[in-house]
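Q: Here the structure of chain A is known, so what remains is to put chain B in place on it, guided by the hints.
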Amino acid sequence: MTLIRFRPLLAAAALLVLAAAQKAPPPRWWSPGEGRSFPATLDYANEHGTQRSLLVGGPMPTKGHPFFEPIGPNGRACVTCHQPADGMSLSAATARQRWDETRGRDPLFAASDGSNCPSLPQSEKASHSLLLERGLIRIQRPWPVREWQGKPVTPDFTIDVVRDPNGCNSGEKYGPKAGNVSVYRRPRPVSNFKYLLAVGFAYDPKQGIALPRDPDSGAMQSGNLMADNRARNLREQMEDASSTHLEFAKHLTPAQIDRITDFEMRLYTAQQVSKQGGALDSGGATGGPAKLRDSEPGALGSIGTPVWSEYAAWEKISSEDAAKLTPEQLAFRQSVARGARTFRDKTFLITDSSGINSPVGFGNPVRNSCVFCHNMAQMGNDVAPGQVDLGTTTLPYADPFDDLPLFRITCLKAPHPFYGRTFYTYDPGFALTTGRCADAGKITLQSMRGLAARAPYFSNGLAKDLRAVVDYYERRYNISYTEREKQDLVNLMSVL
Amino acid sequence: MKNLSKLSTLIALAAPLSAFAAETGDYVRFVSCPVYRDADSGKKSGCWLADERASGKRYDVSQSPYKPDWNRAVLVEGLVTADSTAPCGSTVLNPVRTSILSEPCQRHMLPAEGHPGRKFVLPARNLTPLSVPRKPPAGPFAARTFPVFFEFDRAFVVYQYSDFLLDNAAQWIIAAKPAKVVVTGYAATDPESVSGVTLAERPEVALERAEIVAESLRRLIPGLIIETRMKTGAKPADLPDADGLPGQSQRRAEISAEF
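Order-wise, the sequence lines are chains A and B.
Take 1 as the starting number for the first sequence in the UniProt record's numbering and just add one per residue.
Take 1 as the starting number for the second sequence in the UniProt record's numbering and just add one per residue.
Same shape as in the complex, but just chain B:
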């Protein structure tokens, strides 16, 4: 009886992912071919759209920190918003992530069709220029872990998202002077069916993530003692900078400072 109850809860959670139109706050996850809408509100203003084939719903996925390539399929993960302005003409997902997959897509561009798009706004997670003096983090310092997040199956530190998180960790480490730093790369290797496509990250991407983060730390903090580890089968974690997106939280590296 208890198991049945659990199952019904899981089914209820999964329902918005496929057959039914998602409602505000729902988490949607699907694979699709992206569509670029050339809504010209200046630099970086174009709209990215993606259709969830199971529901026939088109979403505005423009606010992902890493954006699609119109030549390739994209894994969309996002939360449905109540944004009624629809500047790109579709229901807005935000927060949202769009991971580029290897499957080719027919590139497709829509005209603005009266949709204004969004004027570019500097993301909250942006790096401070070196010329700007920074206030070092204040102590006391104790063991702490900093996550850095990645696109699906990639180990690239994304501009104005992952680099910001990595840099915050580095600044803290410079101030805290831990005895050692352990960087653990995670990979979501357990296969999942999304939009009829089986998705699983390569196990080796876990180590690639650890290594790329560790190399950045070595360059930023010469002499820092760093150890790298890897973990496959990553599970979702409650991490604020994953913005409440379970898939994003799985694809990470963790920088752990040990004293």
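This is chain A alone, in the form it adopts within the complex:
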């Protein structure tokens, strides 16, 4: 009797549970080897809204897939540091959450590079502070540089360790005297590779030479793969990552490389929904990853589709459309559109930045805007190989960090064009690949997509949030952004 009376309620409750189960977001953390399927559309919430990854041709089983399987002894997989919920990178917040959930036992915190230095006591949280506070992974580069692009190299600078707070640049095993240099960098997002591998022109204007060829395919290299451009193609990037981050002692097989490449080339990631602005592909805007999937890569925005014109329709929202929005949504959309304009049109004097002011021929200073370097349509990376020195890793422009090693660079031939004969850096960047003093401090520009999900920013995590990115540029180049322009830029970056 009672059951019969409550039958409709029970049925409704069951439907609600079912609906909730269907709409429940997938677990945020992807553990290596867990074997779930990577769906064709994968959404994750972040503080600015929802980010979406599209897998063309998906879904894809990850069981046995080398991107998702722990192929090395430390229990990590590629996905450990390239998490779908974090724009295929890894946010510092996620690292902290993972520490708390596993009490530091997740393979993410492997001694080799998930701690400040393997020589530190690994059970202590402080030994992993760089990863937990700024999302930094230790990168150990050989020193001296001996070869680049298949040619022998003799560095034209010396490197001395001024300060080694973590112990990974001194002693018998670590540091220049032991044949290596440890720097600390953010994992770069593994998505939208169609754009990062695209080649717009046959020449590298920053190096004054035609682009080198991919050693495998013979195609021209984009030069936009890694922070210091050490990998010539995805294969070399994978081999570098598997031997260091996964501690994989063997070589990846051609079949494994093909499978990882296939996955990476099919994946597109971008913010899809803004908490404040609503759906980013509505009201005439074309935000979100579908536009990335459907566009041709490698186009210079200045001679084709302007960079961030995905939001051009929000410049003039009709009164009819405006009536469908809340006042907050309307204001946010207008702000994003202004931000795109500011990004393209607000010029300032770019000074003393190698890769821009030298040796290209633009002069020092040169007046231009953000889009001068962030010039590829749809992506905001550089159409040319993007090695430039914004000062984020090098004094006097870099912020003071007492937890990073500090190196003294001494140029043995010509002085650095802007820093002189001797200068100080936390990360020599591209110079650790080329061996050239003039390249010290240069870091490859990266994709601007998916920023909302992967704080902090810049290669060393200098900017804790999007506002800090704008603030860095403001103090580096004395741009005189208004408060509204700063917020417009933050809002723009939150929807990319």
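No lab work stands behind these hints, which were simulated from the structure alone.
All residues carry an ideal CB built from backbone N, CA and C; glycine is no exception.
So the derived list for chain A, only partly shown, Cβ under 7 Å to chain B, looks like this:
| # | residue |
| --- | --- |
| 1 | TYR203 |
| 2 | PRO205 |
| 3 | GLY208 |
| 4 | ILE209 |
| 5 | PRO212 |
| 6 | THR347 |
| 7 | PRO359 |
| 8 | GLY361 |
| 9 | GLY363 |
| 10 | ASN368 |
Here are the simulated lysine-lysine pairs, PhoX-like style, with alpha carbons at most 20 Å apart:
| # | chain 1 | residue 1 | chain 2 | residue 2 |
| --- | --- | --- | --- | --- |
| 11 | B | LYS43 | B | LYS119 |
| 12 | B | LYS119 | B | LYS44 |
| 13 | A | LYS486 | A | LYS275 |
| 14 | B | LYS43 | A | LYS346 |
| 15 | B | LYS135 | B | LYS177 |
| 16 | A | LYS464 | A | LYS486 |
| 17 | A | LYS275 | A | LYS324 |
| 18 | A | LYS346 | B | LYS119 |
| 19 | B | LYS44 | A | LYS346 |
Which residues of chain A face chain B? A partial, calculated answer using Cβ under 7 Å:
| # | residue |
| --- | --- |
| 20 | GLY200 |
| 21 | PHE201 |
| 22 | ALA210 |
| 23 | VAL360 |
| 24 | ASN364 |
| 25 | ARG367 |
A: Then chain B, alone, in the frame of chain A:
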């Protein structure tokens, strides 16, 4: 008597370089510290100025394909124009080249002071994106030489000038399929006194120029047979893409296709 006549001609030619104000069409060559005028007409619109100390004349040198660094001295080479608009507030040199030298300068920036500067215009010598189909050069093909030009004492292939010339050569070579290419780097190693400064390029920059051009050709045209050579003591040559500037014509590499 004949020698005296030659000498007087040389003196007449040299006169505009020092004591007297240059006139339209004159070639001026001097070393100075550059001054940046922040005339904001948008991207890449700032003005570059340089004073010829001997004459006290300030020139607008903004139209050089390779621009100054306000921290360093600059070698200016250019032709005085009759441009009366003076968008940067000074007599315009065009064509003009501004080579960055190693001597430090006090950086100096002027406000616009009402001068509009120039809105950026894409230079005529600019590379075509790879996405744009190109019509291959038409034959018949015979031995030909392509020059590529450089800044003073440097071997850097400058964006939207030297790269354009190099790329034209490469496209022609791809179509012409020569048996061999010889790249000869030149250096202006004979010392010259300019504004009281003795200037001479390093002899080794000749080979550096040949090598950088050859490496680009190897990357653009895999399998191409290339030989590099060097020549010091380069003399001015009549080469159209040097834009009538003798100093620029000396600082070059030549790509010679042999059949």
